[in-house]
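Q: Residue numbers 1 to 435, in UniProt numbering, belong to the letters of the sequence shown in order.
Everything labelled a hint here was simulated from the structure, so no lab data went into it. Keep in mind it's a predicted model, so treat the numbers as computed, not measured. Worth double-checking, as some hints may not be accurate.
Unchecked claim - Computed Cβ-Cβ distance ranges for the label pairs, DEER-style:
id: 1; residue 1: Arg-48; residue 2: Ala-177; range: 52 to 58 Å
id: 2; residue 1: Ala-329; residue 2: Asn-78; range: 17 to 23 Å
id: 3; residue 1: Glu-306; residue 2: Glu-28; range: 25 to 31 Å
id: 4; residue 1: Arg-48; residue 2: Asp-276; range: 53 to 59 Å
id: 5; residue 1: Ala-149; residue 2: Asn-352; range: 43 to 49 Å
id: 6; residue 1: Gly-150; residue 2: Glu-233; range: 21 to 27 Å
id: 7; residue 1: Leu-205; residue 2: Gly-380; range: 51 to 57 Å
id: 8; residue 1: Leu-210; residue 2: Glu-332; range: 16 to 22 Å
id: 9; residue 1: Glu-425; residue 2: Glu-26; range: 21 to 27 Å
id: 10; residue 1: Arg-48; residue 2: Ser-27; range: 15 to 21 Å
We put the CB at the ideal spot given by N, CA and C, even for glycine.
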Amino acid sequence: MSSAETSTGNSLKITGGRLYDGEGSESENIALLIRDGRIAAMGEAASRTRADETISADNCVIAPGFIDLCCNLREPGNGQKGNIASETRAAAHGGFTTVCASPETSPVNDSSAVTHLIRDGAASRSPIRVLPVGAITRGLEGDLLSDMAGLTAAGCVAVGNGSRGVRNARILRRCMAYAQTFGLTVMFSPENQALAADGYAHDGLVTSRLGLLGIPEVAETAAVMEMLLLAEETGVRLHLSQLSCARSVEMLADARRRGIAVTADVAMHQLAFTEDALAGFDSRFHVRPPLRSESDRKALIAGVREGVIDAIVSQHQPHDTAAKQAPMAATESGLSSIESVLSLGLELVEMNELALSDLIRALTTGPASVLGRTARLAEGEPADLCLFDPEAFWAPGAQTLVSAGRHAPVTDRELPGVVRLTLAEGRKAWQQPAG
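Starting from the given sequences, assemble the full structure and let the hints guide the process.
A: Structure (structure tokens):
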């Protein structure tokens, strides 16, 4: 050992590449030292320290680990659709180090017993951090309030009703008022069930041409306005999940100007695709909320770019093959998307619709702020990071996808952005196989 170099045990050093901190700044990485699950040193101090293992990040981006606010892990529930082990490993493959587990499990996560079941499963079988979201109503039926205080004490980071609506405004108001009493964040996917009715696609040109039942934009915007007004009255911290309409972005921006404590996210597939993806009756793109028009897509991207929309989520919903092999109306909604989020985002960067810094912010510091957490690459911080090569390509398919769900949004071409390494608290959650 040279006199200019010290050594440390149980350590990893990453050299080269570019650092993105999630706040918009980037810099050349001289070296980054990880020890005992935390970032021990950066820059020249790290370069002078010998580590047990050194990884070159040449040509790669080093970013904080991605955080997903909406991920269906399918456990407890139908094992054919996936489980905690398979879906968290898929998340790590996509660069995620933290996922919020949807309450839409079987049984529903509306009790501390189910929350503990999820946490215990994650502790023993997940390579990344799993944060349960509790059901705000019993059984997600939108009628009776759940034990929100008990769910929070058991480890839930927020409460919500998943992708399901609440039966009426009176119950919704009670949910918000009760959650505000305990200082909880409520997560709702805004949809007026009466207006959405039996629809399963955007009420536009494509549905008219293909003869599909449409969901009008007002089904979302009416619910957004109702939730914003009730949040203003009750003072609850409101998070609007999976927005899909331009008008929703406008109302969100206006609400923030009025001082309402509201945040929001959008699913990556809403930024990458439109209703045209349903041409040919491709049931993969039966999603809810539905893919909408090009003008909506552009407004959502602008919302992310301008910081009106805080986070990009995967809205990962793995299914068995049979769930997608039926007439469109009979198929189950959702994409197996968590492994493709980064790649689809990089395509938006290539098209100059998003800056790389905007993409990373919406996958790291944005969702972290919704949860009241941080996501930084700094000395002393947990070593949650993603190392990816934006210039390398991969082909989603049976040989490369990790999730139990094979209905990825893209399976017929290569995508940019290969995740080389995902570290969760310093542990290797994913490392790209050699060759």
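Q: Quick one: which hint numbers does this structure break? Sort them smallest to largest.
A: Checked against the structure, no hint fails, so every one of them is satisfied.
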